[in-house]
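Student: Sequence:
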Amino acid sequence: MRRIISALLISISSTLALAQGTQPLELAAGAPDRHVVTAGDTLWSIAAKFLKDPYRWGELWKLNAEEIKNPQRIYPGQVIVLDKSSSQPRLKLVTITEPRREYIEPLKKGIPSIPPQEIEPFLSEPRVLDETGLDAAPRVVALQNDRVIAGAGDTVYTTEVTAQHKVWQLFRTGKALLDPDTKETLGHEALFIGTARLTKEGVPSSFLVLTSKQEIARDDRLLSAPRQDVVNYIPRAPEKMIKAKVLAIYAGVNFGGPQSVVTLNRGKADGLEPGHVLAADLAGAKVSNRYKGEKTNYQLPDARNGLLFVFRVFDRVSYALIMNATHPVVVGDTVRTP
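The numbering of the sequence shown is the working numbering, which starts it at 1 and goes up by one.
Source of the hints: derived by calculation from the structure; they are not laboratory data. Any given hint could turn out to be false.
[Said to hold, decoys possible] Derived DEER-like restraints, expressed as beta-carbon distance ranges:
1) ILE149 - PRO32: 36 to 42 angstroms
2) GLY151 - GLU273: 25 to 31 angstroms
3) GLN164 - ALA285: 54 to 60 angstroms
4) THR159 - GLN117: 23 to 29 angstroms
5) ILE149 - ALA29: 56 to 62 angstroms
6) ASN145 - ASP219: 16 to 22 angstroms
7) LYS268 - LEU134: 15 to 21 angstroms
8) GLU67 - LYS286: 28 to 34 angstroms
9) LYS183 - LYS286: 21 to 27 angstroms
10) GLN164 - SER87: 23 to 29 angstroms
11) ALA285 - VAL253: 21 to 27 angstroms
12) ASP181 - ASN70: 47 to 53 angstroms
[Unchecked claim] Below 20 angstroms or equal to it, Euclidean Cα-Cα: the simulated EDC-like pairs (lysine to aspartate or glutamate) are:
13) LYS243 - ASP281
14) LYS245 - ASP281
15) LYS62 - GLU239
16) LYS240 - ASP315
17) LYS49 - ASP33
18) LYS69 - ASP270
19) LYS245 - GLU215
20) LYS268 - GLU189
Every residue, glycine too, gets a C-beta built ideally from N, C-alpha and C.
Using the sequences provided together with the hints, build the complete structure.
Tutor: Given below as structure tokens:
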């Protein structure tokens, strides 16, 4: 019986998630016939000009699965034209022939998916580690001249380092991230506190501290500095129904609005990928009504509050940027496949 129920739930979830692909594309009110791409544009901002639901951007371009994974870059100076000649609208890129240099020779840097200045710190600094990752990370065991704290220019000594990386990040283990429903530990925040260069391998290994945002102490840990990701993901809904909750909002506040970064309790293991767009729900209010002397309580249905763009994914948690919201997004709010 449990297997039958599970199969039914999976079937219903898949049907709901795929339903959007069968619905006709709805253009945004006042969608332009053409748009000249300029510096400062993002895929999201352009998609919002043409579509009521910007996460259906790939459908408007008629992209296949491979093109969504490896999209053609769009550059300032190019012109996007809305073609309405067939039953379904689509977008096309056209070449400008006007004798204007900035149009003939587009800038080499393609436009990003979402505003990079809002998420750049989250692409390289904050991390989420499981217990295995924590145990494997080199640990500071001593400081130069037996000091209590260290900073830029000082040497720190760590447990043995075997990875062949020169520049590393120093971090301090932060709070455990708990699933609000199961109370299970999904990972631990790794709080970025500085960078260091490996100067000597061995037991202990030696590092020269290059930068420090906070004082470095014993038991702080190191991770190899990652290559910063290029945010060039096509905004799209997940292929299946995903339901998540907001674990935290950056800067330790309990609510956020557009351009705020949130942590979600779902990740790679749940099917989330960078570029996925989720809808935030506004919880329905509990109201009561008295009629003919009798009081009845009602739970109003949830309503859509806004959209979030997932830009960095770990195994069991993710970072997402709030793209729009009619009300503040609150810790504990539900987000799901739109």
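Student: Now tell me if each hint is right for this structure.
Tutor: Results of checking the hints against the structure:
1. ILE149 - PRO32: 36 to 42 angstroms: Since the Cβ atoms of ILE149 and PRO32 sit about 57 angstroms apart, the hinted range of 36 to 42 angstroms is violated.
2. GLY151 - GLU273: 25 to 31 angstroms: violated, 39 angstroms
3. GLN164 - ALA285: 54 to 60 angstroms: Given range 54 to 60 angstroms: holds, Cβ gap about 57 angstroms.
4. THR159 - GLN117: 23 to 29 angstroms: violated, 36 angstroms
5. ILE149 - ALA29: 56 to 62 angstroms: holds, 57 angstroms
6. ASN145 - ASP219: 16 to 22 angstroms: holds, 18 angstroms
7. LYS268 - LEU134: 15 to 21 angstroms: holds, 18 angstroms
8. GLU67 - LYS286: 28 to 34 angstroms: Given a distance of about 46 angstroms, which is not inside 28 to 34 angstroms, the answer is violated.
9. LYS183 - LYS286: 21 to 27 angstroms: holds, 24 angstroms
10. GLN164 - SER87: 23 to 29 angstroms: Check failed, 56 angstroms falls outside 23 to 29 angstroms.
11. ALA285 - VAL253: 21 to 27 angstroms: Since the Cβ atoms of ALA285 and VAL253 sit about 22 angstroms apart, the hinted range of 21 to 27 angstroms holds.
12. ASP181 - ASN70: 47 to 53 angstroms: For ASN70 against ASP181, whose Cβ atoms are near 36 angstroms apart, the range 47 to 53 angstroms is violated.
13. LYS243 - ASP281: holds, 10 angstroms
14. LYS245 - ASP281: Holds: LYS245 and ASP281 sit about 10 angstroms apart, inside 20 angstroms.
15. LYS62 - GLU239: Judged against 20 angstroms, a Cα distance of about 16 angstroms means the pair holds.
16. LYS240 - ASP315: It holds: about 17 angstroms lies between the C-alpha atoms, which stays within 20 angstroms.
17. LYS49 - ASP33: Cα-Cα ~10 angstroms, so holds.
18. LYS69 - ASP270: holds, 18 angstroms
19. LYS245 - GLU215: Distance ~34 angstroms between LYS245 and GLU215 Cα, so the pair is violated.
20. LYS268 - GLU189: Given that 20 angstroms is the threshold and the Cα spacing comes to 17 angstroms, the pair holds.
Checked against the numbered hints above, the structure breaks hints 1, 2, 4, 8, 10, 12, 19 and satisfies the rest.
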